[in-house]
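Asker: So you can see what is in the structure, the chains are spelled out below.
2 protein chains.
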Amino acid sequence: MRAPDELRETVEVALAELDFHPSLGGLEAPLRYALDGGGKRIRPVICLATAEAAGGRVEDALPSALAVELVHTFSLVHDDLPALDDDDERRGRASAHVVFGEGVALLAGDALLAEGLRLASGTVESSRELAAATVGMIAGQHLDITAADVALEDLHALKTGRLFAAAVGMGIWAADVPEPAQPPWRAFGEELGVLFQAVDDVIDGDGYALALGEDGARNVAADAARRAHDRLAALNADTAVLAELVDELAVRTA
Amino acid sequence: MRAPDELRETVEVALAELDFHPSLGGLEAPLRYALDGGGKRIRPVICLATAEAAGGRVEDALPSALAVELVHTFSLVHDDLPALDDDDERRGRASAHVVFGEGVALLAGDALLAEGLRLASGTVESSRELAAATVGMIAGQHLDITAADVALEDLHALKTGRLFAAAVGMGIWAADVPEPAQPPWRAFGEELGVLFQAVDDVIDGDGYALALGEDGARNVAADAARRAHDRLAALNADTAVLAELVDELAVRTA
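First to last, the sequence lines map onto chains A and B. If you count the first sequence from 1, position 134 lands on 134 in this note's numbering, and the numbers rise without skipping. Positions in the second sequence are counted from 1; adding 1000 to them yields this note's numbering.
Treat the hints as calculated values from the structure; they're not laboratory data. Be aware that a few hints might be false.
Stated by the list, open to error - Covered, in the sense of this in silico footprint (three residues per stretch, anywhere, with C-beta under 8 Å from a C-beta of chain A), are these stretches of chain B:
hint : stretch
1    : 1023–1034
2    : 1107–1117
3    : 1126–1137
4    : 1141–1148
Claimed, not checked - With the C-beta cut set under 7 Å, the calculated list includes, among others, these residues of chain B facing chain A:
hint : residue
5    : 1083
6    : 1084
7    : 1087
8    : 1103
9    : 1229
A virtual CB, placed ideally from N, CA and C, is assigned to each residue, including glycine.
Let the hints inform the model, and build the full structure from the sequences given.
Answerer: Structure below.
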């Protein structure tokens, strides 16, 4: 079993060595810029750790893990555009549209999405899982900008939760967990989005922190972490690395 | 063998009845608006006609055909955005971003792409074929807005040609044409993008028509149509409907 930091290093190396489709040409630079933004690679690491906990091989889950990270990065590039959140900075660096212009950033986001789904096309199951999760994520962003009175849980279940759930889902597909044995794994995956988002809201002072106060948001996160640990404990598998990742998500401050 | 108009009707009915992913919610309206724009459905019709000519069933190729149309429509919605071509009209109607706002149009394009690739996820081959073609198409749009001295052939081979080629490619996959028998079919598909684009440029007075004059552009189209017919004649299959579609593409005026 590889520890979280080893898995993270595996993801970093694989991303750096990733062969984009040759037709991408000059668009590769903005894609690499967006991918090099210093993220924590939490989604791909969860995908790999899930595959390994479920008895699979990290190598078999790697295309899926990278695919999830590309789709996540697509969402950041498009969310930062002036037509949406209009953020000029992302993790302390200039956003893609500031560096490359709006048109190129728009296309770079499109290409990250298409490349992500191309990476996931190794099996019908991973293709379908990632494409469906991506649609849900986009629908969540749409709710966020249009629906005034949507419940935070419903919003985040789509906008954040779908991709975390897909990271777990693609991990168990890569480990050949048969469909009837998947629900307990998926129940674990369903908790991660809430956990991630509630902690995010504490850090940023918005979302749950605005709605419930900082302590309220911390309680939402703590409850989700507890449920995630319960889900792991119910699995007949060595889930120590996944438990460590849940704790990482719960205590992170950036 | 269904005639082009029958295939077009099949596509229209299937698009109207298409079940989007349930999570799409309120984003369905802008997707439907963009898809209802009165296009000629030429890519999906070519996909279905190819499948039938290659001995397959129209029904088996239908998800691929719809997937190609969704991806094509994604490219129109994003190309019309102010960050790219900034077109307020598309086929005589207000563009998606004029009706729904820029942010929603951006997300609607994203969702069309994700839904298109989800529709194509029924087989590894169709998934891979469409995702790779989409990356090429996006790279072509990038060349178009950034590269001053790119050859028109290279630009259009990506921006227009890749999706036409994928329509043929997905058609033969749906008909279970084995890989060693695919090259003659793919050679046909490679001619369609040039044919379509040269005629388009005559109609719009740009591209080939600007570079070579209207007669020059007509010659490019005529040469491509002749080559496409030659490719069809070389196939050991009933390609009458495909030949009819080539003629339609060559003489269209809108």
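Asker: State for each hint whether it applies.
Answerer: Consistency of the hints with the structure:
1. 1023–1034: Coverage by chain A holds here, the residue count being 5 at a Cβ distance below 8 Å.
2. 1107–1117: Contact hint for the stretch 1107–1117 of chain B vs chain A: holds, 8 residues under 8 Å.
3. 1126–1137: holds (count 7)
4. 1141–1148: holds (count 6)
5. 1083: Since the shortest Cβ distance to chain A is 4 Å, the answer is holds.
6. 1084: Holds, because the Cβ-Cβ distance from residue 1084(B) to chain A comes to roughly 5 Å (cut-off 7 Å).
7. 1087: This hint is violated: residue 1087(B) lies away from chain A, its Cβ roughly 13 Å from the closest one there, beyond 7 Å.
8. 1103: Check passed: Cβ of residue 1103(B) comes within 5 Å of chain A, closer than 7 Å.
9. 1229: Check failed: Cβ of residue 1229(B) comes no nearer than 27 Å to chain A, outside 7 Å.
Violation of the numbered hints given earlier is confined to hints 7, 9; the remaining hints are satisfied by the structure.
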